[in-house]
Amino acid sequence: MTDRGAICVFSENREVALELLAAGRPLADQAQTELLSIVMEKRASAPTANDAVVAERIALGADGVLIVEDVPDDAGTAFDVAALQRVVGLRDPAALLVGATVHGTEVVARLAQRLRAGCATDCTRLTLRDGRLEIERVTLGRFTCRQTFRTRPALASVRPRQFASPQRRGERRGGVERLRVDAPVDPMRVLERRERVASHERIDRAACVVAVGRGLRAAQDLPMIEALAQALDAAVGASRPLTNDLEWLPIDAKVGLSGTTVRPKLYIACGISGQIEHFVGMRESEVVVAINTDPTAPIMAAADYRVIGDLYEVVPALTRALQKLRP
Amino acid sequence: MSDATPTFAVCVKFAPDTAQLRADPKTRAPRLDEAPLRISTFDEHALEEAVRLKEAHGGRVEVLSLVAAPPPEEIVLKLLAMGADRVCLIEEPSAQAADALATARVLGAALQKLGAWELVLCGEGSIDVYARQVGPRIAAELDIPALTHVTRLDREAGSFTAHRGLEDRTEVVACEAPVLVAVGLEINQPRFPTVLQILGASQKPTEVWRLADLGFPDDTSLEDWSGVVTTDVRAPETQRNGLVIEGDSATEVAEQLACELFARGLVKLA
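So the protein lines, in turn, are chains R and H.
Under my numbering, the first sequence has 74 at position 74, and the numbering climbs by one with no breaks.
Under my numbering, the second sequence has 16 at position 16, and the numbering climbs by one with no breaks.
Among the clues, some could well be false.
Said to hold, decoys possible - Mimicking DSSO-like on lysine-lysine, the simulated pairs with C-alpha atoms at most 30 Å apart in a straight line are:
hint : chain 1 : residue 1 : chain 2 : residue 2
1    : H       : K268      : H       : K204
2    : H       : K26       : H       : K113
3    : H       : K26       : R       : K265
4    : R       : K265      : R       : K324
5    : H       : K54       : H       : K204
6    : R       : K324      : H       : K54
7    : H       : K54       : R       : K265
To be verified - Computed footprint of chain H on chain R, listed as stretches where at least three residues anywhere in the stretch have a Cβ under 8 Å from a Cβ of chain H:
hint : region
8    : 20-33
9    : 42-51
10   : 54-68
11   : 177-184
12   : 221-229
13   : 296-309
Claimed, not checked - Not the full set, but computed from the structure, chain H residues with beta-carbon under 10 Å of chain R:
hint : residue
14   : R22
15   : P217
16   : S226
If you are wondering where the hints come from, they were derived from the structure by calculation, not from laboratory data.
For every residue, glycine included, the Cβ atom is placed at its ideal position computed from N, Cα and C.
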């Protein structure tokens, strides 16, 4: 099998690592090759926890697990790049899929340059055409492009939550291989880590999402948005400036490339311009309403209904109109 | 690398303004020739950050860009008016087909030609492709560390402290120069140049470099250097209607919209 080259998958995030198994399994089946899950095992982690990780990866679709062991607890990007480069050198995989987290994106880009290899980031679809990987991703704001690779391995990052978590696949067996990598010098020092406040609302599961962007002038105006959401039984989402810069909303309310992908029946974008960062996260919504003062805002091109107006007038009016519809 | 007058290098991309980009109604292909070029938004923030560092610490701001053809004069002037001391354009027709691998090789070589800088700034991604690759790839090319998704940057004696925004946390990291920093939109608000700055801009130097000036062979094709081939670009098949809801008042508009949504079964009557 190995002469065909395995498909390797890696993410530092467990959930995303499992999604990558769901993304990679059909490709491996079609190419009749192995699907290998790469795990970075920290020095401090307990052996029993490691066994559970291996069992889970195999049960959920991996044919084998490659464990990079004895990973320093403060290992960062430089280590993961070195480790993946080692894996590529040892196994000559046909493809390496990485979770498109902030960390994963940086790792795969650095690795790709070292390998003099092409890389496609934030892929939304992976297929095999004539035995070769072909991907789809969003580009130019709202267009979809297809890309193929001229270099081996094909390096691709896959959007978190683009693929559903895999199902258990009955009784499965798989091998475990261990390797060690010398820790490279990493001149970066982390001085401080601060977890961001998370909400408990899962916007990716809501049938309706009311999202708000920079058109909102102050955090104290949020109740206006929440009232509309309540009238629609909707979850409240936000564009990046509101969750990252201003921190008016919890980080898991962020819709977009660096946040959550949502596919609700109804998506109402209030005061959101709709840059590519945001568009990727909401483009699969069934019906899109855009409320914006700027008729040329990119969100308008992605909308089924366009309301050109001030959200401060339109949102409360829409809330009242919806309340009227309800007995 | 911490000499008295530090050089801050900024890599920028001139990208089609995606807000003005239309799809061909028949083929659904993007009509790129109709969309004007602009400085990729993220890179404007990178330049602004470099100019702020220069204002605080002295030094120079050098801007580099790989282009397939000479860009419109006004966007080069804007870079200079915003505070760049010089713009170096690497002109190469095959840049049209260059992927991130080829682009980072060229920009890496251009940065080496530039000489002693202590910081390379760029946007975290570009407004058109937003692959978020070129920054980290340049860092790998030059074998220097990269700090991505940076929302705040402080410099002290040749060392940088950066705030980074990750999915579920923020990080404060420290790194010695030389380093590459890829900035997010949150980092600053780029300035609008004054008339005086715009007039002054035309006095500042713009240079054009060819691949041969960077030590690459004359017959280099960046298309051949690319690891990824784009085979197709198309607008999604399910184009949205884009029905404009109009009315004399916000109330009228809202009621129309509510009726539309109700008619489509999107409003539940609890």
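Each hint, compared with the structure:
| no. | hint | result |
| --- | --- | --- |
| 1 | H:K268 <-> H:K204 | violated (62 Å) |
| 2 | H:K26 <-> H:K113 | violated (46 Å) |
| 3 | H:K26 <-> R:K265 | holds (28 Å) |
| 4 | R:K265 <-> R:K324 | holds (21 Å) |
| 5 | H:K54 <-> H:K204 | holds (16 Å) |
| 6 | R:K324 <-> H:K54 | violated (58 Å) |
| 7 | H:K54 <-> R:K265 | violated (49 Å) |
| 8 | 20-33 | violated (count 0) |
| 9 | 42-51 | violated (count 0) |
| 10 | 54-68 | violated (count 0) |
| 11 | 177-184 | violated (count 0) |
| 12 | 221-229 | violated (count 0) |
| 13 | 296-309 | holds (count 13) |
| 14 | R22 | holds (8 Å) |
| 15 | P217 | violated (17 Å) |
| 16 | S226 | holds (6 Å) |
Going down the numbered hints, you'll see the structure goes against 1, 2, 6, 7, 8, 9, 10, 11, 12 and 15, while the others check out.
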